[in-house]
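Engineer: Go ahead and model the full structure; you've got the sequences and the hints to work with.
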Amino acid sequence: MNAITPDIVKSHGLSQDEYKLVLEIMGREPNITELGIFSVMWSEHCSYKSSKKWLKTLPTTAPWVICGPGENAGVIDIGDGLAAIFKMESHNHPSFIEPYQGAATGVGGILRDVFTMGARPIANMNALRFGDPKHPKTRHLVSGVVAGIGGYGNCVGVPTVGGETNFHPSYNGNILVNAMTVGLAKADRIFYSAAAGIGNPVVYVGSKTGRDGIHGATMASAEFSADNEEKRPTVQVGDPFTEKLLIEACLELMATDCIVAIQDMGAAGLTSSSFEMASKGGLGIDMNLDEVPMREEGMTAYEIMLSESQERMLMVLKPGSEGQAKAIFDKWELDFAIVGTLTDTGRMVLRRHGEIVADLPIDPLAAASPEYDRPWVPSTKRPVIDLHDVPSHNPLVALKTLLHSPDLASRRWIWERYDHMVMNDTVVRPGGDSAVVRIHGTNRGLAITTDCTPRYVYADPHEGGRQAVAEAYRNLSAVGAKPLAVTDNLNFGNPEKPEIMGQIVEAIQGIGEACRALDFPIVSGNVSLYNETEGKAILPTPALGAVGLIDNLDSLATIPFKRDGDAIIVIGETKGWLGSSLYLRELCGREDGAPPPVALHREKREGEFVRAMIKDGAVTAVHDVSDGGLLVAIAEMAMASETGCTLEPPHNLAAHGWWFGEDQGRYVLTAAQDRLPEILEAAQRGEITARVIGSVGGDDLILTGVGAISIHELKQLNEAWLPDFMSSPDSNA
Amino acid sequence: MQAAVITFPGSNCDRDAAVVLEAVTGHAPAMIWHRDTELPKLDLVVVPGGFTYGDYLRCGAMAAHSPIMREVVELAKKGVAVFGICNGFQILAETGLLPGTLMRNADRNFVCRDVHLRVESSDSIYTRKYNAGFVARIPVAHGEGNYFADPETLERIEGEGQVAFRYVDTYGAETKAANPNGSQRNIAGIFDKSRRILGMMPHPERLSDEKLGGTDGRAMFESLLEALS
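Just so you know, the sequences run in chain order R and G. Taken in order, the first sequence gives residues 2 to 734; the numbers are from this note's numbering. Taken in order, the second sequence gives residues 1048 to 1276; the numbers are from this note's numbering.
Any given hint might turn out to be false.
Unchecked claim - Using 30 Å as the maximum straight-line C-alpha spacing, the simulated DSBU-like pairs for lysine-lysine come out as follows: (1) 1223/G - 716/R; (2) 401/R - 1223/G; (3) 54/R - 21/R; (4) 616/R - 1258/G; (5) 605/R - 54/R; (6) 563/R - 1258/G; (7) 1258/G - 483/R; (8) 53/R - 605/R; (9) 187/R - 1258/G.
Said to hold, decoys possible - Beyond 10 Å from chain G on every Cβ pair, some chain R residues (computed): (10) 202; (11) 394; (12) 426; (13) 653.
Unchecked claim - Here are some, though not all, of the chain R residues that point toward chain G, as calculated from beta-carbon distances under 8 Å: (14) 151; (15) 158; (16) 333; (17) 334; (18) 337; (19) 383; (20) 424; (21) 427; (22) 440; (23) 554; (24) 556.
No lab work stands behind these hints: they were computed from the structure. Beta carbons are placed, not taken as given, at the ideal position from N, Cα and C, and that holds for glycine.
Structural biologist: See the structure below:
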């Protein structure tokens, strides 16, 4: 057996101190298989060693939380004996190297996290960040990622109902692909991963194991350099057809009484699944690797344990139920192999060709992985920009520029690549504030949104963290859903740099503060660090996915204007905040200034008010005000309905601040004129700012005293940017 | 009406079709697993959408050679109605029950959106509750729906009135912009000669419920119920 040299240790991403700890735990030098196992288990991706200290500060409980972070996904009670199970997870590094397979397997992985727990997946979402549209690789990456997400989701038959996409040069070398799945299960039939029952069989099901994806988790825990193309073999290859069979087979098995524990093989494959199951149950496993179904000849123990082949699960069955379980997997033509037995030793013993090839203590590896308190520095506060120091452009001209800009242009080209209707429960399709899927066979629905404004987080991580939560809360409220819980997908640069660690700490603090104030716990999540290339970090991007409940789908709000003559009402205060706004970036070429502050106590009050108005049927359309400000929000409502409106000029505020300020905590409502008095009275009672600013009707967006523009023209501008970009011949590398 | 929905490995619109059939007929259809060879007495077989056997070969090619499809072909010969939706249409074309083939969409992209279909004839068990010329809003969701047949076949099916639906704009005009996949002559669905077999790329089961934004597809299932009961 080869000796472990410092070079081998280094190539496994372990520091000298970490290797010392390995020697201490082992009481001897590890062999290469054992070293490989330590390396993936202690990778940033699997161990959360840099972020754990701060993640622990997040609020994770509420009366409706059935299971918070630590399992495969978060579980919340949604009434009527049902639970929603969801999580968002990144697949950033693989998607940059091989966009189609990277994104596809990202979707596959998050689906497995959800159905592992007993849920039928009912909706997929995604949060994507790409580089500068002018960068030669961007179009190729958008094309590959979108095709990969669609290729996987469409085939497994789970609708991809929404998401968000941003473009910014900071992602030129590190795109972000964050995929979210929401599933539905019976609240008393949730499956967990803790192994139990000494002597119980450990069973492998799904696809065969190949040499793909070895060391994926380690790759995802290091910075990129110019040679990252060479890492292509570490990207896994997805097979959505097998995943579809695996979903059906697992759900069929879960309807029986055979399963003790189950865990999908995600990052670090068989290693992390077996260690996590054993560690949570306080047991050991004796595993015979010869029994693992293999796709290739001559695989070593090292390769089998570190492979990240997709569409595989590990489970512990009740003794005597192997036959019944195997029959189900035979029906679905999937591999089923008893690969091990639970023991009381607390050790992982691996055998290959009749010999013990690894013998490791489980707890020090899984539960006692290193945890760092990395040094960090607070981020520098930016000055607040005075509205009067920002040039005022004609609002209609500015509106046209904004609606045709990369971050505000219609995403139709993306969502039409995704089957967003399969399963026949998509009530609100992509393009709204939240997607809404019906709870099958009922008149209730789940609202789902993904949110983060990276330019705010970069400008002020604490405020930006708060804003991401508040916007998710607003997007759910805007459709009439009671916000229930959040999954967080924290994407940052290299945590070993104190300024990046500062972004992580402050963003988590901001998120925690907002979640506590809004009764909006974090129930699952994922951390992706080292999103840097050649020392340049991405904008800090703590992407959030959030789920809310609509009790009665008959009272649901959507974006489009509904009736001519309806009043247009703005909820919330507008002071004309242009710092870090899209107006400032797209019209003035500046990305500076403090981001808009979030008043959490007001957010809650306003959200409750808007939901009450929707429930009472007092309003006809609702849209939250976010990127681009008030005029962009109103134009989006007009374009969605192909109906115009007439808007009054602002009082006591410069036009560019009123129309394009990104002040937080605002919504646009429309209502029939005869419902106005009750709405305004209710607002006054709730100490909420509400102001009537115009009415719906005609074919043009008319700004009184300024001019008019046809909705048709606005829509053409808004719809054209992305298809034009995707078909432009010169942007392909 | 006794209806059945076939489930292949990789079918994913089997439940959707069953839910709508149950809503329209008042009873659940039989769900037939691809390895079943004994079929109950049936008036209608639905071959639903999805990615049968992964569709890693040509779409529908593997399913067309499955044992259950041999049974379906036998039933079709006896006059049992066979309705292929999306992947089901691709399978029926591959078995030869319907003429022509479905190629990659002209722009090479998967497309999911509402399109408008003109009902070419109300003289069939599928369309009797529509007026001929009616423009129905129905979604598509496919990557390979580009209908192609050689010129003689096209002339023949046109002559025999086998074109069931065409992609049109909201006014009923056959335009290039209204055609989501490049299909010849904007063909969205075709009958066999007897008009007992229908294959179509759009999904009528997806807009048969007011909650989902429209019910233009529902009349197709109501037509079948009326004709086959």
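Engineer: Next step is simple, just say for each hint if it's right about the structure.
Structural biologist: Now for the hints, and whether the structure bears them out:
Straight-line distance between C-alpha atoms of residue 1223/G and residue 716/R comes to about 20 Å, which keeps the hinted pair within the 30 Å bound. For the proposed pair residue 401/R and residue 1223/G, the alpha carbon gap of about 28 Å is at most 30 Å, so the pair holds. Taking the CA atoms of residue 54/R and residue 21/R, the gap is about 22 Å. The hint holds against a cut of 30 Å. Taking the CA atoms of residue 616/R and residue 1258/G, the gap is near 17 Å; set against the 30 Å cutoff, the hint holds.
Between residue 605/R and residue 54/R the alpha-carbon distance is near 28 Å, which keeps this suggested pair within the 30 Å criterion. Proximity of residue 563/R to residue 1258/G is assessed by CA-CA distance (about 17 Å); at most 30 Å being required, the pair is judged to hold. In summary, the hint linking residue 1258/G to residue 483/R is supported, as the alpha carbons are separated by about 20 Å, within the 30 Å threshold. Distance check on the hinted pair: residue 53/R and residue 605/R sit about 29 Å apart at the alpha-carbon level, within 30 Å; holds.
Proposed proximity of residue 187/R and residue 1258/G is supported: the alpha carbons are some 24 Å apart, at most 30 Å. With a minimum CB-CB distance of about 26 Å to chain G, residue 202/R clears the 10 Å threshold, and the non-interface call stands. Interface exclusion of residue 394/R from chain G stands, the closest Cβ pair being 34 Å apart, more than 10 Å. With a least CB separation of 8 Å from chain G, residue 426/R falls inside the 10 Å interface cut-off, contrary to its annotation.
Once the 10 Å rule is applied to beta carbons, residue 653/R is consistent with being away from chain G; the minimum gap is 42 Å. Satisfaction of the interface hint for residue 151/R is found here, the shortest Cβ-Cβ separation to chain G being roughly 5 Å, below the 8 Å cut-off. For residue 158/R, the shortest C-beta to C-beta distance to chain G is roughly 3 Å, which falls under 8 Å, so the interface hint holds. Taking 8 Å as the C-beta contact cut-off toward chain G, the hint placing residue 333/R at the interface holds, the least distance being around 7 Å.
With 8 Å as the threshold, the beta carbon of residue 334/R comes within range of chain G, its nearest partner Cβ sitting at about 7 Å, so the hint holds. With a cut of 8 Å, the hint placing residue 337/R at the interface with chain G is violated, because the nearest CB-to-CB distance is about 16 Å. Restraint check, residue 383/R versus chain G: the minimum CB separation of about 42 Å is more than 8 Å; hint violated. A least Cβ separation of about 7 Å between residue 424/R and chain G falls short of the 8 Å threshold, and the interface hint therefore holds.
With 8 Å as the threshold, the beta carbon of residue 427/R comes within range of chain G, its nearest partner Cβ sitting at about 7 Å, so the hint holds. At a threshold of 8 Å, the smallest CB-CB gap from residue 440/R to chain G is about 12 Å, leaving the interface hint violated. The criterion of a C-beta within 8 Å of any C-beta in chain G is met by residue 554/R, whose closest approach is roughly 6 Å, and the hint holds. Proximity of residue 556/R to chain G is violated relative to the hint, the smallest CB-CB distance being about 13 Å (cut-off 8 Å).
In this structure, the earlier hints numbered 12, 18, 19, 22 and 24 are contradicted, and the remaining ones agree with it.
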